[in-house]
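A.B. asks: Sequence:
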Amino acid sequence: MNIRVGTASWTDPTLIKSKKFYPPGCNSAEARLRFYASQFPIVEVDSSYYAMPSGSNSVLWVERTPPAFVFNIKAFRLFTGHQTQRDMFPKDMQPALPQNGKKNLYYKDIPDDVRNELWRRYFEAIAPLADAGKLGAVHFQFAPWVTSAQDGRAHVQHCAEMVAGRHVMAVEFRNRSWFDEAHAASTLAFEREHQLVNVVVDEPQGTANSIPSVWEVTNPGLALVRLHGRNHETWNIKGATVASDRFNYDYNDEELSELSKSIREIACQVAQTHVIFNNNYEDQGQRNARTLVGILGSDAVLAAQ
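In my numbering, the protein residues as written are 784 to 1088.
It should be emphasised that the hints constitute simulated quantities derived from the structure, not laboratory data.
Where hints are given, some of them may not hold.
Ranges of calculated distance between the beta carbons of each label pair, as one might list FRET restraints [stated by the list, open to error]:
id, residue 1, residue 2, range
1, Pro995, Lys802, 33 to 41 Å
2, Glu976, Lys1021, 33 to 41 Å
3, Arg1013, Gln933, 30 to 38 Å
4, Asp896, Pro806, 32 to 40 Å
5, Ser1040, Pro995, 26 to 34 Å
6, Asn992, Lys874, 28 to 36 Å
7, Glu813, Ala937, 36 to 44 Å
Here the structure is a predicted model, which is why all the values come from computation and not from measurement.
Here a beta-carbon is modelled for each residue, glycine too, at the ideal position from N, C-alpha and C.
Throw the hints in and build the complete structure from the sequences for me.
C.D. replies: Following this line, the structure appears as structure tokens:
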């Protein structure tokens, strides 16, 4: 099996502040990435959700990681239907944004020529990762208000068409309508038709912005599992200053052992499997990832030392 286990981000503020993962003296951006890549074979880049990625950063990431290291990179928030503040756009493009008095803009608000330029720049910025063979999937985590209704499905299809022929696109929904009894089968068929990777999630259940764990393969090349923790109290926490407040959860060994069974089963159906821990409070994700690697044994890809 080809199962890569890692975490979402290697620079979360609570991780660095905790001093529980990085060794003493590992204080620079370069040192942290080099150390992380000596421990795990994959990481998810989350900064590209909050702002457009940087081509110069991609070049540095390639240089600072072993040849077989893999990056999954999140799509810019505008593409995934989230509200986007004006200062999150590239500075030179901000004058071209609609002057409609709104602080936040959505994809539908942006003129076609500006949208196309954003897509062009996004792909250009991640090209060094792809060229080096280090780009796994471009991860689209769609907004909770992107539903399985016609307009939501049309937007997901539009994104799929923009990515098609360039990169592998992974899709994570945050609205339960995609996998309710009436739509689950058509959602999976839609993903298979467009060769989208169905992101299997482990997360608190029972809210409109959570979906069930759907252990189904929709792209034979890749399965992606994201573990958000099971903290119901913080899933929709109000006033959180950092994302780690929401995903504060420490998986126990029994939970990880149970998850490993499903991970092994789905890994038998695809060329590669990525498992990303998004419980990013302090070193929870890193500790849980190490434990899962131990449970998976020889089925897990080890980091280059």
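A.B. asks: Looking at the structure, which of the earlier hints fail to hold?
C.D. replies: 4, 5
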